[in-house]
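Undergrad: Residue numbers (the numbering used here), protein chains in the order written: chain Z, 1 to 438; chain H, 1 to 463.
It is worth saying that the hints were derived from the structure and are not from the lab. Don't be surprised by glycine CBs; every beta carbon is placed ideally from N, CA and C. One or more hints might be untrue.
What the hints assert, rightly or not - Derived coverage of chain H by chain Z (criterion: at least 3 residues anywhere in the stretch with Cβ under 8 Å from a Cβ of chain Z; other residues may be distant):
#1 39-51
#2 54-66
#3 78-87
#4 165-173
#5 184-190
#6 202-212
#7 257-271
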Amino acid sequence: MTPEEAKAYLLRRARERGVQVEVLGVWDRELGFRVREGSVEQVTRADRGGVGVRVVIRERAGYAYTEQLTPEALDWTLREAEENASLQREAVAFLPEGRALGHHDLLGEGLAASADSKLALALEVDRAVRAQESVRRVTAAWYHEREHHVHLGSTEGAEGSYRTGVASLGVGLVAQAGASLKQGYHADWQVSFAALEPGRTALEAARRTTRLLGARRLPTGRYPALFEPRAFAQLLGAFWVLWSGKAVAEGKSRLRGRLGEQVASEPVTLVDDPTLAAGLQSRPFDAEGTPARRTVLVERGVLRSYLTHSQSAQALEHPNTGHAWRSYRGVLEVAPTNLYLQPGHGVSLERGVVVAELMGVHAGCNPVSGQFSLQALGLWVEGGEVAYPVEDFAVCGDFLELLRHVVGLGDRLEWEPVPGAVVGTPTVLVEDLSFAGS
Amino acid sequence: MLDRDLVAEVLARARRGGADFAELYVERTRRRTLRLLNGEVREALSGLDYGAGLRLFYGIEVVYAYTNDLTPQGLRQLVDDLVRLRAGQVDSSGRGGLDFRVRAPVGLHAPSVEPEDRPKAYRLERLREAEAGARVDGRVRDVECSLLEWDQEVVVANSDGTWATDRRVRTRLSVMAIAQDGAEVQTGVSAPGLSVGLELFDHHSPREIGRAAGEQALTLLRARPAPAGTMPVVIGNGFGGVIFHEALGHLLETTAVARKASVMADRLGEEVASPAVTYVDDGTLPHGWGSSEVDDEGAPTGRTVLIERGVLRGYLVDRWGARVTGYAPTGSGRRQDYTLAPTSRMRNTFVEAGEASVESLFEGVELGLYAKDMGGGQVRPGSGEYNFAVREAYMIRKGRVEEPVRGAMLVGKGPETVRRVVAVASDRRNAPGMCGSLSGTVPVEVGQPHLLVSAIVVGGEAR
Chain Z
1 MTPEEAKAYL
11 LRRARERGVQ
21 VEVLGVWDRE
31 LGFRVREGSV
41 EQVTRADRGG
51 VGVRVVIRER
61 AGYAYTEQLT
71 PEALDWTLRE
81 AEENASLQRE
91 AVAFLPEGRA
101 LGHHDLLGEG
111 LAASADSKLA
121 LALEVDRAVR
131 AQESVRRVTA
141 AWYHEREHHV
151 HLGSTEGAEG
161 SYRTGVASLG
171 VGLVAQAGAS
181 LKQGYHADWQ
191 VSFAALEPGR
201 TALEAARRTT
211 RLLGARRLPT
221 GRYPALFEPR
231 AFAQLLGAFW
241 VLWSGKAVAE
251 GKSRLRGRLG
261 EQVASEPVTL
271 VDDPTLAAGL
281 QSRPFDAEGT
291 PARRTVLVER
301 GVLRSYLTHS
311 QSAQALEHPN
321 TGHAWRSYRG
331 VLEVAPTNLY
341 LQPGHGVSLE
351 RGVVVAELMG
361 VHAGCNPVSG
371 QFSLQALGLW
381 VEGGEVAYPV
391 EDFAVCGDFL
401 ELLRHVVGLG
411 DRLEWEPVPG
421 AVVGTPTVLV
431 EDLSFAGS
Chain H
1 MLDRDLVAEV
11 LARARRGGAD
21 FAELYVERTR
31 RRTLRLLNGE
41 VREALSGLDY
51 GAGLRLFYGI
61 EVVYAYTNDL
71 TPQGLRQLVD
81 DLVRLRAGQV
91 DSSGRGGLDF
101 RVRAPVGLHA
111 PSVEPEDRPK
121 AYRLERLREA
131 EAGARVDGRV
141 RDVECSLLEW
151 DQEVVVANSD
161 GTWATDRRVR
171 TRLSVMAIAQ
181 DGAEVQTGVS
191 APGLSVGLEL
201 FDHHSPREIG
211 RAAGEQALTL
221 LRARPAPAGT
231 MPVVIGNGFG
241 GVIFHEALGH
251 LLETTAVARK
261 ASVMADRLGE
271 EVASPAVTYV
281 DDGTLPHGWG
291 SSEVDDEGAP
301 TGRTVLIERG
311 VLRGYLVDRW
321 GARVTGYAPT
331 GSGRRQDYTL
341 APTSRMRNTF
351 VEAGEASVES
361 LFEGVELGLY
371 AKDMGGGQVR
381 PGSGEYNFAV
391 REAYMIRKGR
401 VEEPVRGAML
411 VGKGPETVRR
421 VVAVASDRRN
431 APGMCGSLSG
441 TVPVEVGQPH
451 LLVSAIVVGG
461 EAR
């Protein structure tokens, strides 16, 4: 069976059994090339999909999925989901009322180009990086594309589908000057194939890495910090969960009960917008069929909204912002789509640290406490000029505290994928931050 | 799970299409997750992963494809598409004719309590016991308990005639306690896991696991921010071994070594660590979280001595790494699932016990940090730079362990840190973790005894 046929089969079986069910059928097509130093290292091609179900019985929810689309496997899936639902004591679950959601094609242009032309991009970025000064070798250069098909249906009337796609081009390298070694990378993600530019990606990868060669150690202290977009996106990628209605409802967010309060400094406006044209995470409706719309989370420093789905919205008596997210292999979660910090009017740093990159974000950030302690690489700025690169230091602080000390924002957004979303930020100037070095 | 003649045919089609080696990996995995928050079920999920990955070698070039369509037409389509992608000629004539050497698991890590032997309600009771254990004090506000169960069946067949099957059953209990005192909120975690079935609860009492998480959260509540600066660090046993995993283990995988992307490449026989350090990776530890009978390339797992008394003795070598470097494979080819081609990975990796007593490690330390329990970390093999979070830490003053501190991050370069190991105690213990790399996230054990490193940068709060 195809995922679409499996969806129809499950809806029919659920109706026969008198249970409410929501079925998410997903099918992905992938193509990737990884090259290194002029030769092809790996070619990947994939077709993958499956169906996930959310069953609600007597206001209790259970989940199951299968990638084997045979009647036996689908029946097993439905039975497991029913059994999982029966484990719940609390009767609070429900399936939202569904509607016809339409069939949408958001696939960008050019993904139908030949495999050879895609491989050529990866080879070109590899070649262009090696031509740069101080580049000792390429660790990998890659092209990757994914076409993503989603079918949603429920016994409550939800019915719709869409297709999206993304292509990416990236390169990792090791640069050397004397005894100083630095490893770095740069990647570009686009909805449209034609927007990928190997020359630009290569230059950016080399620039980001070689500028850190010959780094000195940073003395421990408190300094103003200018976060480059990639570094700030990594932070936001770890801490967006503070805005998750699910985390708020479960008592895991420090933003609980603070709607309408000043939680950040005046320059900070944070928005999530699944309707952005060419947004990497744009989609017409969320994982339970709520139509997409723009949500302002923080407006000039004031907390305006959480990210919610039907259940967290009900628990918090908050509007449903349509941020249900689900992989067919998982349970319903809340997640941002295209999350961005609105750009400002430009910033400059007189003396302090440019934070270029953060490492260890998955371990060094605690979204419950809001604290972070992260290894970083950067540049020391003196008299408004970059004096020298710095290494072997960590930045530490509290994310909400940091948002209260944002004093300026750059005027241009850069987008960076983070686990589960894509984050756009300009450069961010923080007036005071703790740095641990030598 | 699959017809041998069909597999032989698919592998032969790949060879006729120009590949000099072909391998088919088929996986059927049942997963169950049960997560409770404050006694209520928040997540109950069951699933079936089912798919095949086909890998072809053209010299050292790898071509990989995966699909959920395991019908004869699906598999033929898979191999023909790959051959075409590599601009080869599709030749669908004839049969495979491979005479497979069949290897079935002997049950080295087999479960004694099968997942199907217990109802879901049994699991629920164990999780509620863990929660009760975690509520050591009224300040423990929230407790999240989860149970992860995997039951993975794999078949690996290749054009050299390997036909290996394996079953890996893994179970992990994880408890997170959130404690609050005024505005201060801290979390404690305890999460044992083994290659076992539901007898996990006999090895680890849920109540005790809960208590460990609860007590860690309370300790952190009274912890002050960690200091910042360079100082001696005593690293605790068990999950403390994550420092070696990050700072050394990843640098010894042929994934990095073969590309000369590791500072440890081409250094066999050289002294690369302090003579106090012997570092071993062992995929055969009975019921180890990272153990299996064969790796994901169908090769038997083994015990690999990486560093012996400071001298580099070996690398972790997968089939591709062996082709590039000429080193013998070590049964280290692993992957998260059928969607990823295998690469060289760690299994259960640990620093062997030394002879020092635990107390003696602290004795000479005037001012330092005792990193008792670790969070996760990350490394860049090209430069050896690593970082990882310390979950539970204490100050050491004049040889004594004093107040708890939190928010510490250890930062440095692996090759420097492993030379600075001055003493290794005899209390080795392993602990489970999840390791992410090119071939996805795989279960591994890390381990070590208590050990003393003369200087590490501690990223805490500058005052």
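Undergrad: Decide, hint by hint, whether the structure agrees.
TA: Against the structure, the hints come out as follows:
no.	hint	result
1	39-51	holds (count 13)
2	54-66	holds (count 7)
3	78-87	holds (count 4)
4	165-173	violated (count 0)
5	184-190	holds (count 3)
6	202-212	violated (count 0)
7	257-271	holds (count 4)
Comparing the model with each earlier hint shows violations of hints 4, 6; every other hint is respected.
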